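Chains as they are written, first to last, in our numbering: chain A, 1 to 114; chain B, 115 to 229.
Honestly, I wouldn't trust all of these hints.
Stated by the list, open to error - Heads up, simulated BS3-like pairs for lysine-lysine below, C-alpha to C-alpha not over 30 Å straight-line:
#	chain 1	residue 1	chain 2	residue 2
1	A	K106	B	K197
2	B	K197	A	K68
3	B	K171	A	K106
4	B	K156	B	K197
5	B	K171	A	K49
6	A	K106	B	K192
7	A	K49	B	K156
It should be emphasised that the hints constitute simulated quantities derived from the structure, not laboratory data. From a predicted model like this one, the values you see are computed outputs, not experimental measurements.
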Amino acid sequence: AQSVTQLGSHVSVSEGALVLLRCNYSSSVPPYLFWYVQYPNQGLQLLLKYTTGATLVKGINGFEAEFKKSETSFHLTKPSAHMSDAAEYFCAVSSNQAGTALIFGKGTTLSVSS
Amino acid sequence: EPEVTQTPSHQVTQMGQEVILRCVPISNHLYFYWYRQILGQKVEFLVSFYNNEISEKSEIFDDQFSVERPDGSNFTLKIRSTKLEDSAMYFCASSQEGATVNTIYFGEGSWLTVV
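All chains, please: the whole structure from these sequences, using the hints.
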């Protein structure tokens with residue numbers, strides 16, 4: 001069975017500050033890990049993904065995440081927040097088999113103030 | 115860039131009515147999914163579909179729900195006898211067969227409001 005826990009349902013940062021959104025996972029098989037972003041009234045957009053290989057993965061819009069197996073974590077970071085980053089962020093896990101479902105965390109709302 | 119498209123974007127229906135939500139997955143994808151997101155809650159998996167049959171479903175996907183691939187391009191979710199608690203955003207998604215990464219691409223969603 002797989003599950004995802006996102007610590008903090010709401011994170012607030014100032015423009016230019018570091019963004020850190022936390023995600024911990026549980027998986028009985030090697031996980032594939034994803035971060036999706038949802039802007040208001042829009043669908044889910046893939047930010048980045050980890051499959052195998054390099055544990056630090058870079059995504060769109062300057063975001064990156066590091067897979068830490070020992071900590072079962074996949075935290076999302078961005079060095080400098082921009083107002084346009086305000087959105088809902090979802091961490092998700094799946095297995096490496098094509099067609100298996102994504103299991104999502106409850107999401108973290110990121111607010112960015114000027 | 116190819117995308118998953120969904121119709122309608124918003125539908126209001128009366129309790130007890132049947133609703134069909136439509137999706138056009140990305141053309142070379144063979145795995146199709148429906149997820150839902152009740153307002154303020156997390157995105158939940160409903161069902162996955164491959165080779166004209168359900169490959170996986172969650173406990174949410176009971177007899178009230180059904181999916182169909184009526185032709186070569188559309189993928190539909192039917193909700194029979196809708197209830198107030200079916201009000202949610204329903205996301206269609208698709209992924210490639212045999213992909214080394216099970217990357218799932220989502221549509222923009224269909225808002226269903228049951229009154």
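Here is how each hint holds up against the structure:
A hinted pair counts as satisfied when its Cα atoms are at most 30 Å apart, and K106/A with K197/B qualifies at roughly 23 Å. The straight-line distance between the Cα atoms of K197/B and K68/A is roughly 42 Å, outside the 30 Å bound, and the hint therefore fails. At most 30 Å may separate the alpha-carbon atoms for a hinted pair to count; K171/B and K106/A meet this at roughly 20 Å. At most 30 Å may separate the alpha-carbon atoms for a hinted pair to count; K156/B and K197/B meet this at roughly 19 Å.
The straight-line distance between the Cα atoms of K171/B and K49/A is roughly 24 Å, inside the 30 Å bound, and the hint therefore holds. Note on K106/A and K192/B: the hinted pairing holds, with a Cα-Cα distance of about 26 Å set against a maximum of 30 Å. The straight-line distance between the Cα atoms of K49/A and K156/B is roughly 19 Å, inside the 30 Å bound, and the hint therefore holds.
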